[in-house]
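Produce the complete structure using the sequences and hints provided.
Numbering (our numbering), first residue to last: 1 to 367.
None of these hints come from the bench; they were simulated from the model. Be aware that one or more of the hints could be misleading.
[Claimed, not checked] Restraint-style ranges between C-beta atoms, simulated for each label pair:
hint, residue 1, residue 2, range
1, 138, 207, 28 to 36 Å
2, 124, 349, 23 to 31 Å
3, 258, 207, 37 to 45 Å
4, 272, 305, 42 to 50 Å
5, 289, 352, 43 to 51 Å
6, 205, 341, 34 to 42 Å
7, 251, 193, 20 to 28 Å
8, 136, 230, 16 to 24 Å
9, 309, 285, 26 to 34 Å
These figures come from a predicted structure and were not determined experimentally. Where a beta carbon is used, it is the ideal one built from N, C-alpha and C, also for glycine.
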Amino acid sequence: MRHIDRFTASLMRAHVTNKAKLRTINTIIRKARSHLRPDLRIHSPAMHKYKIYHNPAYMLIIPRIMRENKDNKQTIHIIAGPTASGKSARAIELCEELDGIIINCDSMQIYDGLQTLTAQPPAEDLARAPHMLYSHIHPNDTCSAGNWREIVEPIIHDVLNQGKAPIIVGGSGLYIRALTDGLSPMPDVPQEIRDAAVKKQEELGNPAFHAELQKRDPIMAERFHPFHTARLVRAWEVLEATGKSLAEWQTLTRSAPPEEWDFQIEVIIPERPVQHQRCNDRFLWMMDNGILDEVEAFSKRIESGELRENVALVKSLGYRPLLSYIKGEISKDDAITQSQARTRQYAKQQVTWFRNQILNTKKDAPT
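Structure representation (structure tokens):
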């Protein structure tokens, strides 16, 4: 359709009493209406203010709080969205425009070891813009959303002190929320308890593991789908380590980000056919650029005992199907098909999360 629907327009104008701001919003609406192609949809999530941009390949929905700009506000740019959505290209574009530094917000790309499989920036991107927190952590270590926030906050301060723009880019929604909304204090879980939780999940399988969690922690079990493996394991390990439900820890006071930080969030959501094609094409590109050798070398590091069996990187999209092919358990075509399907499924889950947690939630509302 060629226009912004009335609901979206009304949301953009809602509660705006400042005439200058209202004129700005009306200009945005007019420009968006004049540039939209009929084959692109405009979503109307219940966010109270929006700035809408158009691109032939995808659309951007940028939630913004239309508040008074203050001299002491420091802008933190966040580029978010599902895998293979074009976040990296947008981040480089913004980095060159604002003289910025790109900071990774992807829970797999932060680890060293599977650079191609985890779609870390290629050499040409690294040459165009400074990048930080890629291949930053040894595979044997772990990095939760809380760990990432502890790492990234001093980096953001340093970038701002240099007079540059921090540009956070990635698809790990929990990392983003940890930065923008803060986190409740969480206990450190000993590695042996974490390993035992993972082993129990692998032995029982998800349905039975979910049933066991239901007996011990019905509140958290009710929140999670039986196949949300990482979340189930997290709930189990916290219960084992502390004797308290993760739900109880989450009720504790969150640690807020610095008041002077103003988060500008861009969420890139491609149309579904475009998203699917990009997922498929990117995996084929990876196959042509050495991921089989990369996976084989990484698996040998595990077999030799250099790396733990359950390091986070074994959850990388495509790792297990490719390893099955290397071991002769499935065909190459099956490995590719399974990996592409899992990538598309993961992208769909990310889109759902961003629509529910970012686009449909006021940024100043409790989460």
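Please list, smallest to largest, the hint numbers that this structure does not respect.
5 and 6
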